[in-house]
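All chains, please: the whole structure from these sequences, using the hints.
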Amino acid sequence: MTKLLKPNESGYGLLESVNKPINRKSFFKFAGAGAAFTTLLLSGCNDDDDGKFNGVVYTPPTTGTDAVSLGSGDVGILNYAYALEQLEAAFYTQVITTKYAGMTALETQILTDIRDHEIAHREFFKAALTAAAPAAIIPGLTPNFSSINFNDRTSVLNAAKTFEDLGVSAYNGAGKLLTTPDFLVLAGKIVSVEARHAAEIRDLIENGTFSDTANNDKGFDLVADPATVLGAAKSFVKETIDFSKLPTS
Amino acid sequence: MNIPNLLTQIEKVDPEVYDRLDSRRAIFKHFAGFGKKLAVAAVPLAFSSMLNKAYGQTNRSVTDVLKFAFLLENLEAEFYKQAAAKDIFATPAGKKAFETIRDHEIAHVAFLKTALGADAPNYSADTFDFDAGGALGGKTFTDYGTMLAVAQAFEDTGVRAYKGQAAFLMSNNDVLQAALQIHSVEARHAAHIRRMRRDMATMPADQKPWITGKDRGGLPALIQPVYDGEDVTTQATVKITGTFGGITISDAAASEAFDEPLTTEQVTTIVTPFLK
Chain A
1 MTKLLKPNES
11 GYGLLESVNK
21 PINRKSFFKF
31 AGAGAAFTTL
41 LLSGCNDDDD
51 GKFNGVVYTP
61 PTTGTDAVSL
71 GSGDVGILNY
81 AYALEQLEAA
91 FYTQVITTKY
101 AGMTALETQI
111 LTDIRDHEIA
121 HREFFKAALT
131 AAAPAAIIPG
141 LTPNFSSINF
151 NDRTSVLNAA
161 KTFEDLGVSA
171 YNGAGKLLTT
181 PDFLVLAGKI
191 VSVEARHAAE
201 IRDLIENGTF
211 SDTANNDKGF
221 DLVADPATVL
231 GAAKSFVKET
241 IDFSKLPTS
Chain B
1 MNIPNLLTQI
11 EKVDPEVYDR
21 LDSRRAIFKH
31 FAGFGKKLAV
41 AAVPLAFSSM
51 LNKAYGQTNR
61 SVTDVLKFAF
71 LLENLEAEFY
81 KQAAAKDIFA
91 TPAGKKAFET
101 IRDHEIAHVA
111 FLKTALGADA
121 PNYSADTFDF
131 DAGGALGGKT
141 FTDYGTMLAV
151 AQAFEDTGVR
161 AYKGQAAFLM
171 SNNDVLQAAL
181 QIHSVEARHA
191 AHIRRMRRDM
201 ATMPADQKPW
211 ITGKDRGGLP
221 ALIQPVYDGE
231 DVTTQATVKI
241 TGTFGGITIS
251 DAAASEAFDE
261 PLTTEQVTTI
271 VTPFLK
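From first to last, the protein sequence lines are chains A and B. Just so you know, we're using the working numbering here: the first sequence kicks off at 1 and counts up by one. Just so you know, we're using the working numbering here: the second sequence kicks off at 1 and counts up by one.
Simulated from the structure, these hints should not be mistaken for laboratory data. Possibly wrong hints are sitting among the right ones.
[Claimed, not checked] Below, a list of computed lysine-lysine pairs in the DSS-like style, where the Cα atoms sit at most 30 Å apart:
{"hint": "1", "chain 1": "A", "residue 1": "K99", "chain 2": "A", "residue 2": "K126"}
{"hint": "2", "chain 1": "B", "residue 1": "K95", "chain 2": "B", "residue 2": "K113"}
{"hint": "3", "chain 1": "A", "residue 1": "K161", "chain 2": "B", "residue 2": "K239"}
{"hint": "4", "chain 1": "B", "residue 1": "K113", "chain 2": "B", "residue 2": "K96"}
{"hint": "5", "chain 1": "A", "residue 1": "K161", "chain 2": "B", "residue 2": "K95"}
{"hint": "6", "chain 1": "B", "residue 1": "K214", "chain 2": "A", "residue 2": "K126"}
{"hint": "7", "chain 1": "B", "residue 1": "K96", "chain 2": "A", "residue 2": "K161"}
{"hint": "8", "chain 1": "B", "residue 1": "K81", "chain 2": "B", "residue 2": "K95"}
{"hint": "9", "chain 1": "B", "residue 1": "K214", "chain 2": "B", "residue 2": "K81"}
{"hint": "10", "chain 1": "B", "residue 1": "K95", "chain 2": "A", "residue 2": "K218"}
{"hint": "11", "chain 1": "B", "residue 1": "K96", "chain 2": "A", "residue 2": "K218"}
Please read these numbers as outputs of a predicted model, since none were measured by experiment.
And the structure:
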């Protein structure tokens with residue numbers, strides 16, 4: 001609340017800005033929400049005059065041969081989500097390939113479902129970004145799960161909890177960085193599924209802890225900016241992820 | 001279908017409903033002709049389409065959205081206040097989970113009340129009819145299965161409702177982020193309630209923390225609108241099903257992987273039976 005009552009960048013405090021109608025540009029983008037996604041992707045991302053794709057130009061790695069730049073604008077945020085989904089999908093694929101000792105039938109079903117959902121998310125971002133921003137899409141990342149003991153239930157479930165809570169906090173923080181309403185809705189469609197995963201994984205570790213992340217005075221879930229999220233994810237990916245061009249507000 | 005009564009109820013959700021429609025008089029003139037022109041069965045459909053016209057593509061202000069969220073959070077908070085006080089839980093852990101959720105919903109109400117300030121309507125337990133006009137047979141707080149079913153319906157509706165409003169908040173980053181932080185909590189609640197239902201001996205074994213297709217998981221038909229439209233397997237023209245690296249993504253998995261938004265009009269239709 002402290003933050004909410006402070007004036008935001010546009011000079012409106014919450015109490016004034018709640019009465020401020022949605023801005024014209026956003027409204028017209030929203031009004032066109034029925035249009036095909038691809039069209040929106042293309043028109044929504046290349047409406048500047050610099051001849052670049054929403055300002056994104058491919059930048060060769062600057063911090064070594066294994067650096068990956070997420071890029072800028074909405075495409076940068078989609079790449080950010082794609083990176084996280086790649087990690088999650090790879091993690092659960094490994095979990096099911098090398099099941100921990102004593103994995104129950106119910107746990108197998110839950111973890112297989114989650115694997116499939118994360119693969120669906122990963123493949124969605126891959127297809128959408130390939131169609132809309134072929135020059136800006138990040139490559140497949142190389143996961144590093146050496147800190148996880150895949151034969152140990154506790155190790156696997158704690159890693160899963162870390163990934164799911166991290167995913168929730170990342171999407172919750174990324175919403176405001178997006179400028180295209182359709183992308184916000186898509187991120188919303190995914191984040192609630194990540195939250196369902198997080199709740200179930202937490203309950204597998206200790207029943208009743210599904211939403212302990214919201215045990216605060218406002219009942220708010222986790223939120224984190226890309227720097228914090230990628231800092232936490234850093235040890236799980238071999239490449240260096242350059243997020244310096246992502247929007248910050 | 002009692003149209004004037006429904007409109008009165010909708011007015012509680014959205015005091016500006018008449019402004020969104022042509023005018024109060026025009027509506028009643030419109031419906032006066034229904035008896036002659038339309039079969040009774042078609043009236044709900046026509047009513048729904050009228051609401052759709054009223055809310056479809058409407059430019060909702062941030063205040064509109066906050067008020068809408070305030071009603072939904074009050075509905076949940078008042079439900080859990082009563083539910084968590086009952087002694088019909090299968091386990092002590094179940095009761096504790098309801099207390100946890102109750103506290104979150106109360107916190108959401110308090111936050112929205114502060115955010116709305118003088119614009120916050122007054123709601124109380126008396127605002128709501130948790131028996132949905134008799135549709136739940138008076139069992140909402142006396143039968144464990146019914147109580148969980150209502151909780152699941154409210155949570156899954158909440159998740160879809162916030163999703164449908166998010167784009168209206170893009171002009172205000174602080175409010176948008178707050179709404180997202182509430183949205184994912186509702187999803188966590190939904191997953192746990194669904195888990196509690198899965199653990200009931202009488203439940204189908206395939207009850208999951210996530211929504212498969214548009215399956216209402218054994219809930220009464222009254223609840224079906226909460227799940228209609230969840231069976232989507234294409235997102236933004238991308239087909240989600242397929243085989244990737246030897247792993248096949250089924251229709252079920254594709255639909256589970258994405259929760260779908262509900263429009264203001266759809267949520268209003270779902271919530272209206274629970275308003276006195």
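Hints, one by one, checked against the model:
no. : hint            : in the structure
1   : A/K99 - A/K126  : holds (27 Å)
2   : B/K95 - B/K113  : holds (27 Å)
3   : A/K161 - B/K239 : holds (28 Å)
4   : B/K113 - B/K96  : holds (26 Å)
5   : A/K161 - B/K95  : holds (24 Å)
6   : B/K214 - A/K126 : holds (26 Å)
7   : B/K96 - A/K161  : holds (21 Å)
8   : B/K81 - B/K95   : holds (11 Å)
9   : B/K214 - B/K81  : holds (29 Å)
10  : B/K95 - A/K218  : holds (22 Å)
11  : B/K96 - A/K218  : holds (19 Å)
Checked against the numbered hints above, the structure breaks none of them.
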